[in-house]
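**Q** Given next are the chains, with one letter for each unit.
Number of protein chains: 2
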Amino acid sequence: MAGTDHRLTREQEAAPAVVLIEPQLGENIGTAARAMANFSLHELRLVRPRDGWPNEHARKAASGADWIVENAKVYESATDAIADLTYVYATTARPRQMVKPVITPALAGEDMRVRSSRKERVGILFGRERFGLRNDEVALADTIVMAPVNPAFASLNIAQAVLLIGYEWYKLGGSTLGQATPQEPALSGPTIPTKGSRLAIKEELEGFFNHLKVELVDCGFLRPTAKVPSMMRNIRSIFLRANLTEQEVRTLRGMISGLTYTHTREKKSPKSQR
Amino acid sequence: MAGTDHRLTREQEAAPAVVLIEPQLGENIGTAARAMANFSLHELRLVRPRDGWPNEHARKAASGADWIVENAKVYESATDAIADLTYVYATTARPRQMVKPVITPALAGEDMRVRSSRKERVGILFGRERFGLRNDEVALADTIVMAPVNPAFASLNIAQAVLLIGYEWYKLGGSTLGQATPQEPALSGPTIPTKGSRLAIKEELEGFFNHLKVELVDCGFLRPTAKVPSMMRNIRSIFLRANLTEQEVRTLRGMISGLTYTHTREKKSPKSQR
Numbered sequence: 294m295a296g297t298d299h300r301l302t303r304e305q306e307a308a309p310a311v312v313l314i315e316p317q318l319g320e321n322i323g324t325a326a327r328a329m330a331n332f333s334l335h336e337l338r339l340v341r342p343r344d345g346w347p348n349e350h351a352r353k354a355a356s357g358a359d360w361i362v363e364n365a366k367v368y369e370s371a372t373d374a375i376a377d378l379t380y381v382y383a384t385t386a387r388p389r390q391m392v393k394p395v396i397t398p399a400l401a402g403e404d405m406r407v408r409s410s411r412k413e414r415v416g417i418l419f420g421r422e423r424f425g426l427r428n429d430e431v432a433l434a435d436t437i438v439m440a441p442v443n444p445a446f447a448s449l450n451i452a453q454a455v456l457l458i459g460y461e462w463y464k465l466g467g468s469t470l471g472q473a474t475p476q477e478p479a480l481s482g483p484t485i486p487t488k489g490s491r492l493a494i495k496e497e498l499e500g501f502f503n504h505l506k507v508e509l510v511d512c513g514f515l516r517p518t519a520k521v522p523s524m525m526r527n528i529r530s531i532f533l534r535a536n537l538t539e540q541e542v543r544t545l546r547g548m549i550s551g552l553t554y555t556h557t558r559e560k561k562s563p564k565s566q567r
Numbered sequence: 294m295a296g297t298d299h300r301l302t303r304e305q306e307a308a309p310a311v312v313l314i315e316p317q318l319g320e321n322i323g324t325a326a327r328a329m330a331n332f333s334l335h336e337l338r339l340v341r342p343r344d345g346w347p348n349e350h351a352r353k354a355a356s357g358a359d360w361i362v363e364n365a366k367v368y369e370s371a372t373d374a375i376a377d378l379t380y381v382y383a384t385t386a387r388p389r390q391m392v393k394p395v396i397t398p399a400l401a402g403e404d405m406r407v408r409s410s411r412k413e414r415v416g417i418l419f420g421r422e423r424f425g426l427r428n429d430e431v432a433l434a435d436t437i438v439m440a441p442v443n444p445a446f447a448s449l450n451i452a453q454a455v456l457l458i459g460y461e462w463y464k465l466g467g468s469t470l471g472q473a474t475p476q477e478p479a480l481s482g483p484t485i486p487t488k489g490s491r492l493a494i495k496e497e498l499e500g501f502f503n504h505l506k507v508e509l510v511d512c513g514f515l516r517p518t519a520k521v522p523s524m525m526r527n528i529r530s531i532f533l534r535a536n537l538t539e540q541e542v543r544t545l546r547g548m549i550s551g552l553t554y555t556h557t558r559e560k561k562s563p564k565s566q567r
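Residue numbers (this note's numbering), protein chains in the order written: chain A, 294 to 567; chain B, 294 to 567.
Just so you know, these hints were derived from the structure itself, not from any lab.
Please note that a few of the clues may not be correct.
Computed beta-carbon distance windows for the label pairs [what the hints assert, rightly or not]:
#: 1; chain 1: A; residue 1: K366; chain 2: B; residue 2: G357; range: 47 to 53 Å
#: 2; chain 1: B; residue 1: E369; chain 2: A; residue 2: Q390; range: 32 to 38 Å
#: 3; chain 1: A; residue 1: P444; chain 2: B; residue 2: G345; range: 42 to 48 Å
#: 4; chain 1: A; residue 1: D373; chain 2: B; residue 2: E422; range: 50 to 56 Å
#: 5; chain 1: B; residue 1: G345; chain 2: A; residue 2: E363; range: 35 to 41 Å
#: 6; chain 1: B; residue 1: A376; chain 2: A; residue 2: R546; range: 48 to 54 Å
#: 7; chain 1: B; residue 1: G345; chain 2: A; residue 2: A376; range: 36 to 42 Å
#: 8; chain 1: B; residue 1: R543; chain 2: A; residue 2: R546; range: 18 to 24 Å
#: 9; chain 1: A; residue 1: K495; chain 2: B; residue 2: S410; range: 43 to 49 Å
#: 10; chain 1: A; residue 1: Q390; chain 2: B; residue 2: E363; range: 35 to 41 Å
#: 11; chain 1: A; residue 1: F424; chain 2: B; residue 2: E369; range: 19 to 25 Å
#: 12; chain 1: A; residue 1: P388; chain 2: B; residue 2: D429; range: 36 to 42 Å
Examples of chain B residues lying across from chain A (beta carbon under 8 Å, computed) [to be verified]:
#: 13; residue: L318
#: 14; residue: A328
#: 15; residue: N331
#: 16; residue: R343
#: 17; residue: P347
#: 18; residue: T372
#: 19; residue: A386
#: 20; residue: V407
#: 21; residue: Y460
#: 22; residue: V521
#: 23; residue: I531
#: 24; residue: N536
#: 25; residue: Y554
Ideal placement from N, C-alpha and C gives every residue a C-beta, glycine not left out.
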């Protein structure tokens, strides 16, 4: 992290605040801070941490996300902790009998992005290790966030809950967070790094297919003649699906030359083994 | 968890396998299992766990996801661990110089859903605590998955990486999981008819790559020796991108045999022209 400036910038101030209600173990505060740091959440608020504050276990478990732990603010009540916020989400693992919107982390991520862009100050409440948020704490929130989990095994710890919300927030990040908006267009598929080479043009591919065909006919693989067109179509399919780069076409042609060159060499020195 | 039947059902068998490569701490294996359980992933595969197996720390850290730890299978190599799979993702925290698709966990979740619905057997590789996956392990995979994280603080542990992928898989759950079926994502693209053949499993692909490697070394194409691993990684990338069927693997092996067989024939009848 050397060289990283961890003072809150204006951008960071707009990120959601993470509010932990009565966290029991310092270690969990630390791992939550670490999860936050991965997704550019920097503002940690603690309501009555059981073992007091500061807490050395928290700092250790933060694994380098020290600035978050050091800048954490402590509050006497959930009400105090959210006093300056304009919109609050409550994370819960089980349904509550409240007439309140219930959304997924994905939708919460979008909603937080929109609100932040409007300069709203948002925060997310996370409950205690043992039993989460009390109903009166959930009642403080505008919206409930529930992650879809296996009903037969719903067991997210605090850091994991923070991780999922932070992830959903971060992945919608704009350019100010150092990454492009995640667009993955349906037609062109994922970006494949080409290691400096460009995609092969069809002329180069044709050269390769012709080279391959000549050698495959020559060695007797492509026969009888009547079947050559359909066999070559099948072979084409394989290589076209790979979206070859120009460099890869050259590699493949080199391989063909290598494999077929052998016999010339072998004829000269028949001792080499096959 | 009382009353939950943890034997693998057909639904569960279709879920992606989680493959941990040389995990160091038993505790991390356990927390990964716990993360899996939240998202209905049940199949854990371990390659050379440092502290042996079974591992009491793993069981304890699983916090109730015991059936996953107990059913975990141990393998001698990454190649062995993926031998029966048809499509493999490698999770990495940093870019690799390989011509291989790089996608987000979200897209991976969609892609896995589509492949599972087609009865493909998919798996995800996760690297060691200290330095992740080696390049030759990444090279085994069809696609790389990178989570969008704060470049100034990229620090996901194994369980968290498993959590994000599992979450993205689970949230697109089909009707049996109480949610809508996802639409065809960009990566897996339109269904490619396999002309009656099934997709090749990794063991068959390994057989092909070994065959090709032996011949390319033999003919002098792969040299010097020090460069063979990186050259083979590049060649792997080409063929992995093609998502070969079992029939196509046989075709390619037939082509190699044909191209290399020539000289034997030629030695017998040297009149044929080159």
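**Q** All the hints need checking, so say for each whether the structure fits it.
**A** Going down the list of hints, with the structure as the test:
Hint check: K366/A to G357/B, Cβ distance near 34 Å, so the stated range 47 to 53 Å is violated. The hinted range of 32 to 38 Å is not satisfied by E369/B and Q390/A, whose Cβ atoms lie roughly 53 Å apart. Checked against the hint of 42 to 48 Å, the pair P444/A and G345/B fails, with Cβ atoms roughly 34 Å apart. D373/A and E422/B have their C-beta atoms about 39 Å apart, which leaves the hinted 50 to 56 Å range violated.
Taken as a hint, the range 35 to 41 Å holds for the pair G345/B and E363/A, whose Cβ atoms sit roughly 39 Å apart. For A376/B paired with R546/A, a C-beta distance near 31 Å fails the hint of 48 to 54 Å. Restraint check, G345/B to A376/A: a C-beta distance of roughly 53 Å breaks the suggested window 36 to 42 Å. Range check, R543/B to R546/A: about 23 Å between beta-carbon atoms, so the 18 to 24 Å window is met.
Checked against the hint of 43 to 49 Å, the pair K495/A and S410/B fails, with Cβ atoms roughly 33 Å apart. Between Q390/A and E363/B the CB atoms are about 37 Å apart, so this pair conforms to the stated range of 35 to 41 Å. At about 44 Å, the beta-carbon gap between F424/A and E369/B misses the expected band of 19 to 25 Å. The given range of 36 to 42 Å is broken by P388/A and D429/B, whose C-beta atoms sit roughly 47 Å from each other.
Interface hint at L318/B: violated, since its Cβ lies 14 Å from the closest Cβ of chain A, which is beyond the 8 Å cut-off. At its closest, the beta carbon of A328/B sits 7 Å from a beta carbon of chain A; the interface hint therefore holds under the 8 Å criterion. A distance limit of 8 Å between C-beta atoms decides the matter here; for N331/B the minimum to chain A is near 5 Å, and the interface restraint holds. Checking R343/B against chain A by beta carbon gives a least distance of about 20 Å; that is not within 8 Å, so the hint is violated.
With its C-beta approaching chain A no nearer than about 20 Å, P347/B sits outside the 8 Å limit, and its interface hint is violated. Interface restraint check: T372/B against chain A, minimum CB-CB distance 21 Å, threshold 8 Å, status violated. A distance limit of 8 Å between C-beta atoms decides the matter here; for A386/B the minimum to chain A is near 10 Å, and the interface restraint is violated. Taken as an interface hint, V407/B does not check out: its beta carbon lies about 12 Å from the nearest beta carbon of chain A, beyond 8 Å.
For Y460/B, the interface hint holds, the least distance from its beta-carbon to any beta-carbon of chain A being 6 Å, beneath 8 Å. A cut of 8 Å between beta carbons decides the hint on V521/B: the least distance to chain A is about 13 Å, and the hint is violated. Using the Cβ-Cβ criterion of 8 Å, the hint placing I531/B at the interface with chain A is satisfied: the shortest such distance is roughly 5 Å. The beta carbon of N536/B is positioned within 8 Å of a beta carbon in chain A (closest approach about 7 Å), and the interface hint is therefore held.
A hinted interface residue such as Y554/B counts as satisfied when its beta carbon comes closer than 8 Å to some beta carbon of chain A; here the least separation is about 6 Å, so the hint holds.
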